[in-house]
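One-letter residues, chain by chain:
There are 2 protein chains.
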Amino acid sequence: MEIRIMKNILDRNQNKADEVRKLLEEKKVNMINIISSPGAGKTTLLERTCEAMGGKIRIGIIEGDVTTDRDAQRLKKYNIPIVVINTEGGCHLDSHSISKVIEMFDLDNLDLLFVENVGNLICPSAFDLGESFKLAVVSTAEGDDKPAKYPRLFSEAGAVILNKTDLLPYTNFNIEAFKADLAAINPRVPLFKISATRGDGLQGWFDWLKQQLNSFRNS
Amino acid sequence: MEIRIMKNILDRNQNKADEVRKLLEEKKVNMINIISSPGAGKTTLLERTCEAMGGKIRIGIIEGDVTTDRDAQRLKKYNIPIVVINTEGGCHLDSHSISKVIEMFDLDNLDLLFVENVGNLICPSAFDLGESFKLAVVSTAEGDDKPAKYPRLFSEAGAVILNKTDLLPYTNFNIEAFKADLAAINPRVPLFKISATRGDGLQGWFDWLKQQLNSFRNS
Numbered sequence: 064m065e066i067r068i069m070k071n072i073l074d075r076n077q078n079k080a081d082e083v084r085k086l087l088e089e090k091k092v093n094m095i096n097i098i099s100s101p102g103a104g105k106t107t108l109l110e111r112t113c114e115a116m117g118g119k120i121r122i123g124i125i126e127g128d129v130t131t132d133r134d135a136q137r138l139k140k141y142n143i144p145i146v147v148i149n150t151e152g153g154c155h156l157d158s159h160s161i162s163k164v165i166e167m168f169d170l171d172n173l174d175l176l177f178v179e180n181v182g183n184l185i186c187p188s189a190f191d192l193g194e195s196f197k198l199a200v201v202s203t204a205e206g207d208d209k210p211a212k213y214p215r216l217f218s219e220a221g222a223v224i225l226n227k228t229d230l231l232p233y234t235n236f237n238i239e240a241f242k243a244d245l246a247a248i249n250p251r252v253p254l255f256k257i258s259a260t261r262g263d264g265l266q267g268w269f270d271w272l273k274q275q276l277n278s279f280r281n282s
Numbered sequence: 064m065e066i067r068i069m070k071n072i073l074d075r076n077q078n079k080a081d082e083v084r085k086l087l088e089e090k091k092v093n094m095i096n097i098i099s100s101p102g103a104g105k106t107t108l109l110e111r112t113c114e115a116m117g118g119k120i121r122i123g124i125i126e127g128d129v130t131t132d133r134d135a136q137r138l139k140k141y142n143i144p145i146v147v148i149n150t151e152g153g154c155h156l157d158s159h160s161i162s163k164v165i166e167m168f169d170l171d172n173l174d175l176l177f178v179e180n181v182g183n184l185i186c187p188s189a190f191d192l193g194e195s196f197k198l199a200v201v202s203t204a205e206g207d208d209k210p211a212k213y214p215r216l217f218s219e220a221g222a223v224i225l226n227k228t229d230l231l232p233y234t235n236f237n238i239e240a241f242k243a244d245l246a247a248i249n250p251r252v253p254l255f256k257i258s259a260t261r262g263d264g265l266q267g268w269f270d271w272l273k274q275q276l277n278s279f280r281n282s
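If you read the sequences in order, they're chains A and B.
Counting in this note's numbering, the first sequence runs from 64 upward without gaps.
Counting in this note's numbering, the second sequence runs from 64 upward without gaps.
Just chain A, same shape as in the assembly:
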């Protein structure tokens, strides 16, 4: 009974996600669904990305949070369109809420729409939002065992960011073990090692992202 209900929920989510994807492809808007544990650095990554690319690319942001608009407050200084979705306790965004809020953006004047999902390494992976790809963000402080312990996100991700490399000297994080676990699940996924607070490694992420936008626009 519960399994059937869950299947219905996921089926209805998929139908709406397909609609969202179709609309965004028509409008040539690339949507990236960012998923991580709480505090892995999604918002700081968005801050750095808006600073570096906001002048050249028209960016919008959907901020998913259980409660509060604290992340949106951090981002409003970039003067880009931001819409907050508070899930009121819910553990992930779904395509129905995305479908409602994308109407609030001027899609004809947007290149890139970031969705900062709720901080959760499990549930958001199960819900397609209509994104171009999922971006998995993981912090070195979380330990090197996350791909093996939370495989679904890492297997589906179109790119992985390992953040907080500035903390590597102070943790027992084994980068070779992390890479081996990731390669076993998703052998060809691009991995960017960065420190969003210090700025290390960000250029590789920006360059790759620009390539993705170009190939999406010309597809």
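Heads up, none of these hints are tricks.
Copies of the same chain look alike in the list, so a pair counts if it fits in one copy or across any two.
Straight line, CA to CA, 30 Å or less: simulated DSS-like cross-link-like pairs of lysine-lysine:
(1) Lys-140 with Lys-242
(2) Lys-273 with Lys-242
(3) Lys-139 with Lys-242
(4) Lys-85 with Lys-119
(5) Lys-70 with Lys-163
(6) Lys-85 with Lys-273
If you're looking for bench data, these hints aren't it; they were derived computationally from the structure.
For this one, chain A is given, so just place chain B on it according to the hints.
The following block gives chain B in isolation, referenced to the frame of chain A:
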């Protein structure tokens, strides 16, 4: 419809949790439900606690994980009873799975049963397992805004552990902001600032835990 289903799931979970709690009270077994984000340090905290208290107190552990038995592998050196529950993608433990596995422990010869819940700051908070109290663990690397952004766990917790204080010099974590947010939600909750890897601050946690066990045993 979905709301009614969710209510049914939670009601059935509560009924079974009440049964578990009654059984554990009869057997004088204190059960602690440990909840945190992925990689906040639950397993390392258990390692230190087993090392310090395992000789004096009879400890058992239920390890909840989406997949793998990696945490249990880390704990088996303490030669204490451990049972792994793999949720196979599920984002939290529930009282039905706990009810089944506590039969595998010799409850007449146990003082303390730790449940290491699935790494998730949201969903586990909604499911009573029959525990004596919930222990919230949060790492300094996650940022000081977690109590405000994920209030349910912090409002229900019987104790809070702030782990990875050794990383404080390398982060922008503001401990006064963290305490203020926590106090607004749960004014009297005990807070232990520790570094589980380095050993800092652990004695306060051990002493408090011993007090809890004594008062539970004599209640």
